[in-house]
Amino acid sequence: MNYRDLPGFVSVKEAFGETTVTIEREQIREACARAREDGFTFLADIVTTDYLGWGDKGVSGYIGSAAGRDLNHPSTQGYQALPQLKPKRFSLSYHLLAMEQPARRVRLQCWLDEGDPVQSVVGVWPTADWHEREQFDLMGVVFDGHPNLERLLMPEDWEGHPLRKDYPIGGEPVRFSDAE
Amino acid sequence: MTVASETTAGSMRDWPIVFPPPYEGSRIPKRVPTILDVPPALVGSDDILRINFGPNHPSTHGVLRLILDLDGEQVVGLNAVIGYLHTGFEKTMEQKTWWKCVTYPERIDYVGYQNAELVFVLAVEQLLSLEVPEKATWMRMLLCELNRIHSHLVFLATSALELGAISMFWYCFRERETILDLYEMVTGARMHTRYFQVGGLAEDIPDGFYDECRKFVEWMPHALDDYLALLDRNAIWLERTKGVGKLSADDAIALGQSGPNLRASGVDWDLRRDQPYLAYEQVDFRVPVYAGGDVYDRYRVRMDEMAESTRIVDQCLRRLERLQGRPWIADDRKVVLPPREELHTSMESLIHHFKLVTEGFRVPEGEIYVAIESPRGESGCYLVSDGGPKPWRVHFRAPSFAALEATATCTHHALIADLIAIVGSLDAVMGDTDR
Numbered sequence: 007m008n009y010r011d012l013p014g015f016v017s018v019k020e021a022f023g024e025t026t027v028t029i030e031r032e033q034i035r036e037a038c039a040r041a042r043e044d045g046f047t048f049l050a051d052i053v054t055t056d057y058l059g060w061g062d063k064g065v066s067g068y069i070g071s072a073a074g075r076d077l078n079h080p081s082t083q084g085y086q087a088l089p090q091l092k093p094k095r096f097s098l099s100y101h102l103l104a105m106e107q108p109a110r111r112v113r114l115q116c117w118l119d120e121g122d123p124v125q126s127v128v129g130v131w132p133t134a135d136w137h138e139r140e141q142f143d144l145m146g147v148v149f150d151g152h153p154n155l156e157r158l159l160m161p162e163d164w165e166g167h168p169l170r171k172d173y174p175i176g177g178e179p180v181r182f183s184d185a186e
Numbered sequence: 191m192t193v194a195s196e197t198t199a200g201s202m203r204d205w206p207i208v209f210p211p212p213y214e215g216s217r218i219p220k221r222v223p224t225i226l227d228v229p230p231a232l233v234g235s236d237d238i239l240r241i242n243f244g245p246n247h248p249s250t251h252g253v254l255r256l257i258l259d260l261d262g263e264q265v266v267g268l269n270a271v272i273g274y275l276h277t278g279f280e281k282t283m284e285q286k287t288w289w290k291c292v293t294y295p296e297r298i299d300y301v302g303y304q305n306a307e308l309v310f311v312l313a314v315e316q317l318l319s320l321e322v323p324e325k326a327t328w329m330r331m332l333l334c335e336l337n338r339i340h341s342h343l344v345f346l347a348t349s350a351l352e353l354g355a356i357s358m359f360w361y362c363f364r365e366r367e368t369i370l371d372l373y374e375m376v377t378g379a380r381m382h383t384r385y386f387q388v389g390g391l392a393e394d395i396p397d398g399f400y401d402e403c404r405k406f407v408e409w410m411p412h413a414l415d416d417y418l419a420l421l422d423r424n425a426i427w428l429e430r431t432k433g434v435g436k437l438s439a440d441d442a443i444a445l446g447q448s449g450p451n452l453r454a455s456g457v458d459w460d461l462r463r464d465q466p467y468l469a470y471e472q473v474d475f476r477v478p479v480y481a482g483g484d485v486y487d488r489y490r491v492r493m494d495e496m497a498e499s500t501r502i503v504d505q506c507l508r509r510l511e512r513l514q515g516r517p518w519i520a521d522d523r524k525v526v527l528p529p530r531e532e533l534h535t536s537m538e539s540l541i542h543h544f545k546l547v548t549e550g551f552r553v554p555e556g557e558i559y560v561a562i563e564s565p566r567g568e569s570g571c572y573l574v575s576d577g578g579p580k581p582w583r584v585h586f587r588a589p590s591f592a593a594l595e596a597t598a599t600c601t602h603h604a605l606i607a608d609l610i611a612i613v614g615s616l617d618a619v620m621g622d623t624d625r
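Protein sequences appear in the order of chains A and B.
Taking the numbering used here, I'd label the letters of the first sequence as residues 7 to 186.
Taking the numbering used here, I'd label the letters of the second sequence as residues 191 to 625.
Honestly, the hints are just simulated from the structure, not real lab data.
Check each hint, because a few of them may be wrong.
[What the hints assert, rightly or not] Subject to a maximum C-alpha distance of 27 Å in a straight line, what follows is the list of computed DSSO-like cross-link-like pairs (lysine-lysine):
| no. | chain 1 | residue 1 | chain 2 | residue 2 |
| --- | --- | --- | --- | --- |
| 1 | B | K220 | B | K524 |
| 2 | A | K171 | B | K281 |
| 3 | B | K281 | A | K92 |
| 4 | B | K220 | A | K94 |
| 5 | A | K171 | B | K286 |
| 6 | B | K524 | A | K94 |
| 7 | B | K286 | A | K92 |
| 8 | B | K290 | B | K524 |
| 9 | A | K171 | B | K220 |
[Stated by the list, open to error] The following label-pair restraints were derived from C-beta to C-beta distances:
| no. | chain 1 | residue 1 | chain 2 | residue 2 | range |
| --- | --- | --- | --- | --- | --- |
| 10 | B | D422 | A | D119 | 53 to 63 Å |
| 11 | A | V18 | B | A469 | 29 to 39 Å |
| 12 | A | L91 | B | G278 | 27 to 37 Å |
| 13 | A | D172 | B | E402 | 46 to 56 Å |
[Claimed, not checked] Here are a few chain A residues that sit away from chain B, every Cβ distance over 10 Å (derived from the structure):
| no. | residue |
| --- | --- |
| 14 | K94 |
| 15 | D119 |
| 16 | D122 |
| 17 | I175 |
| 18 | S183 |
| 19 | D184 |
The beta-carbon is built from N, C-alpha and C at its ideal position, and this holds for glycine as well.
Chain A on its own, in the form it takes in the complex (with noise of 0.2 Å):
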């Protein structure tokens, strides 16, 4: 398959031996319809990566960053180099398997900002249902045509998006129901 074909095709990118395929945010849906189509039958999984914060730590070293290194924290003392910036906050990849001999495995990969929607694709693998609702649920990216986008995993009236950087750990108050 060539993905340049692939509608909404932005860039192809090949690393540890996997491909890399990046869509316009407007267009996944389309694209993975495309893709199944094309023999990706099986869709493995559906991640979503918040960028928040990537590369804030700075270079180690005599080049700090703004609030320096904090020798007293292990592990806080920066990059030996900063990382690639990335387009947006989010990531959002699917993992596709076509069951084929040999098999092959392509991540289609879009970004997109907070708020961004993207198109839903449980119509295209209904599989993606569930896998939808946990990325909204602890990301808080919101499918657009989704069946029944509601919490997955974490309780119905929770609030905020556990897994965002900006989430925070730890301190939580533990909230008993009978107690008003």
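Based on these hints, arrange chain B on the given structure of chain A.
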């Protein structure tokens, strides 16, 4: 209901749902693929009884909650609710250094723990482009296949128990105990071993393990005969499993089913053979495939897989016996802890040890998705590294998560007693589902 989902409520209706999928005879529910809706003729009828099945029910294998609409004994509506065991493993792992993270995956899928550990370690090694010694590769295969047998034994024991075959439980747990003893001998722990390190194994294989393991390999076929004798001509078992909970091949693929569930629906697909990792291309094994797609075939696939796994363990043993005295972990001092005895004499080893333990090793920037065939199917690990000593993002593709998506499709007009058999046959581990 959250703010974000309210904003989407308007746009949900005008989406052209392209169900049914472009093949004939799909049984996937049309409105929402994972929810079985009550037929329109029965909506509002007094005959419909809505009950909560779980989350604390002994036959849901943990904390699965099913909201059922019953018409007499028939299940006409089903909505599976998960998340009761969500512990935020992915978030936790972002706070730990790479080598501390190894303990977490095995607690996610706590029945197929060794395979869960393997997928994470393999992903990190692929990012590091680290070569693993031959002995470690074969030992990993051996332990993963033992773990597969262990997982299928737990499946067989519990699902037979739920259908009333109590003695199966004792027979299966007899062999499971032997496997756990083998684990204890090698790793010091019966479950959640943390025996796989990035780069190889944590310790060398102890003396006497091969003999004990060989005893197990010789015994296991007899044990399988025992199970078959108890179940396979048992009229009640056959009545309860044959033709129940059918899932077609197309539906199984569309619903992301993998592993034994997929192979029971007639799809000949096994990552160990079709996308080999470790040294699976060097061992001889058969991939059992059954075409019925019912509970009985899911049970048969797992029975046959146990026999095949025993064969793989046997081949691994033969190979490992020839690798006595060889290194079991890579010799990359930037990633792997130096040998203990060197710490007394070598300043450099001491520095490496200190740096690895306090700061951890750095993994090159990049993202990776590695998938293996765990006892439950395609178990995947997605990692993002920013070049630092902690993962930026960890995500697991949980096969149980996908398996439970098929509950509604399999439960088409099943009886409530069959539902127990169906949920059991999908072999979901709730820790894996909820992560």
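Requested in this report: Could you work out which earlier hints the structure fails to respect and list their numbers in ascending sequence?
Outcome: Of the numbered hints, 1, 4, 6, 9 and 17 do not hold.
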